[in-house]
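Peer 1: In order, the protein sequence lines correspond to chains V and R. In this text, residue positions in the first sequence follow our numbering: the first is 1, and each later residue adds one. In this text, residue positions in the second sequence follow our numbering: the first is 306, and each later residue adds one.
I should point out that these hints are in silico values taken from the structure, not numbers from a laboratory. Treat the hints with care, as some may be off.
[Claimed, not checked] Below, computed lysine-lysine pairings styled on DSSO-like, alpha-carbon distance capped at 27 Å: (1) V:142 with R:331; (2) R:331 with V:122; (3) V:225 with R:331.
[As the list claims (entries may be wrong)] Label pairs and their in silico Cβ distance ranges: (4) R:508 with V:130: 57 to 67 Å; (5) R:442 with V:122: 57 to 67 Å; (6) R:390 with V:226: 34 to 44 Å; (7) V:133 with R:508: 46 to 56 Å; (8) V:133 with R:532: 23 to 33 Å; (9) V:122 with R:339: 35 to 45 Å; (10) R:315 with V:130: 27 to 37 Å; (11) R:349 with V:125: 49 to 59 Å; (12) R:479 with V:19: 23 to 33 Å; (13) R:341 with V:180: 22 to 32 Å.
No experiment lies behind these values; they were computed from the predicted model shown. In this text, a Cβ means the ideal position worked out from N, Cα and C, and glycines have one as well.
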Amino acid sequence: MNNFIIKAENLKKSFNGEFVVKGIDLQVPYGGCFGLLGPNGAGKTTTLRMILGQSPLSGGDLEVLGLNVPTHARQIRKDIGIVPQLDNLDPDFTVAENLEVYAGFFSLSGPALQHRIRELLKFVELSEKADVRINQLSGGMKRRLSIARALVNEPSLLVLDEPTTGLDPQVRHLIWGRLRELKNSGTTLLLTTHFMEEAERLCDDIVIMDHGVILSQGHPKQLIKNHVEPEVVEIHGEMDALPGILTEQDIYRVEIVGETIYYFTDAPGEIIRRVEDKPKVHYLHRPANLEDVFLRLTGREMRET
Amino acid sequence: MIDWRLPEMRFGMFLVWRRNLLVWRKLLIPSLLFNFGEPFLYLLGLGLGLGRFVGELGGLPYLTFLASGLIASSSMNTATFEGLFSVYTRMVPQQTYEGMLATPLEVDDIVAGEMLWCATKGLFSSSAILLVAFLLGAISHWQALLCIPLFFLTGLCFAGPAIMVASFSRSYDFFNYYVTLVLTPMFIFCGVFYPVATLPDFAQSVVRLLPLSHSIALIRPLATGQEISQVILHIGVLLAFALVSFYWAVVLVRRRLIQ
């Protein structure tokens, strides 16, 4: 057995002759949280589906939990939990029944399972809702139940496809807390997200993908250090009030997006001094973040998929 | 890329079947009302009402003739509607299969489990009619109980084609084609309401290719104490429909879900 829970070499996927994953290498270590980031159409979900054995490879080699995919896909899934992008809970069952029936698919039953279900409902704070029908749950509750359901087989690897999309901040923070607990107890997390703050908070290692290739990989802090200047000043408002846009490209990297100017720099003092007393100009000075890296690497054009 | 491999039969199919049974149990009362209420109305309205004008048909009182046909067609209808609407619901809007495929279950298990379930529902509904027919005195032979496994086989035979149709359907409306062009003609022409032998020769040879004719050819004589002929042929046709459609349903559902 090697040291990686997921190991992909030259992994490829094509649909009707068009490649959406173009030969990527992935090495996800045991333990910790691994993030797969990229805009719509980057190939994230397709990559996840291949890892789960739900999508045949068009090329390359893939090993999960030390076993070959697709040869051992069924055996691998016994030890994986999946939180899908869209909740597919069973609307005909109650909260507890959902967990019970799903555990049945792993051939789990009996008193040990009942105990596990009670524990899981407590873990995601749904104990009071055990006998409630799914259609009476809020979006946040459904998502928490999806997470509990993915844990019913005590997986070594938990795969989450955009776990907090569309949730309010309270739920999001609760989920982040639970995911951190899981990570600390030794479960490996594999996460896709559009949410840079989420990736920055949770992930130990990040891969940024676009158009089916990997653009960069590393710890969030390292990625920021490697790809963008440490500080950002954003300016918008009446630009006529400015004595002229600062475009000394050697000191600042400047990006103009619509009505906003972004200065990426390690010495923001001069810009701030020039704009801070202009009443009709608004500015924001902040440290560079993962979103800056993401936009830098994948561009600012909209993705219509 | 189409996965043509033969399906594997595993225990997983019973887990899929069990999930459906658990859902059905929750909707037991309306299900039973439907299962018993409808055939009761049919037998009462058509069997007794129309029967007064018809008298005897194929050597049987019309009520008995009709009841012994309806117990066969009911399994066909029930299995077909489950295979179309319920399977589509679980496959597309509800994404139930997506959830199942995240567990050790595979498409093979899902399709096999769904076919077993469709056939089970067919068995329930046909058995309900048999009971009603018995209470009305239309069927009184003990050997009618031997029809019960045939209800299941009839259900299997129609579950596969229905799941095939659901697997390439883009919406519920698409099912109208199958119901109007395939299911209803079988219901009308395969001998539920009158003997196939009364049709013109050409029509007879077409109708004899259809699975419901074979189902009725077994079930009617068995339920009414008449002599059965060509048992192996009839069972063979039903089994062949079930097995071939199972294979195709697996291939088509794989194509839809495993991309």
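Peer 1: Decide, hint by hint, whether the structure agrees.
Peer 2: Tested hints:
1. About 21 Å separates the Cα atoms of residue 142 of chain V and residue 331 of chain R, which keeps this hinted pair within 27 Å; it holds.
2. Our distance criterion of 27 Å between C-alpha atoms is met by residue 331 of chain R and residue 122 of chain V, whose separation comes to about 26 Å.
3. For the given pair, residue 225 of chain V sits about 57 Å from residue 331 of chain R by alpha-carbon distance, which is inconsistent with the 27 Å threshold.
4. The hinted window of 57 to 67 Å between residue 508 of chain R and residue 130 of chain V holds, with their beta carbons roughly 59 Å apart.
5. Checking the proposed 57 to 67 Å range against residue 442 of chain R and residue 122 of chain V shows it holds: the Cβ atoms sit about 59 Å from each other.
6. Taking the beta carbon of each, residue 390 of chain R and residue 226 of chain V are about 54 Å apart, not inside 34 to 44 Å as hinted.
7. Distance hint check for residue 133 of chain V and residue 508 of chain R: the Cβ-Cβ separation is about 50 Å, which falls inside the suggested range of 46 to 56 Å.
8. At about 53 Å, the beta-carbon gap between residue 133 of chain V and residue 532 of chain R misses the expected band of 23 to 33 Å.
9. Look at residue 122 of chain V against residue 339 of chain R: about 40 Å separates their beta carbons, and that is inside 35 to 45 Å.
10. Residue 315 of chain R and residue 130 of chain V have their C-beta atoms about 31 Å apart, which keeps the hinted 27 to 37 Å range intact.
11. A beta carbon spacing of about 55 Å between residue 349 of chain R and residue 125 of chain V agrees with the range 49 to 59 Å that was offered as a hint.
12. Evaluation of the 23 to 33 Å hint for residue 479 of chain R and residue 19 of chain V yields a pass: the beta carbon distance comes to about 32 Å.
13. Separated by about 55 Å at the C-beta atoms, residue 341 of chain R and residue 180 of chain V break the suggested range of 22 to 32 Å.
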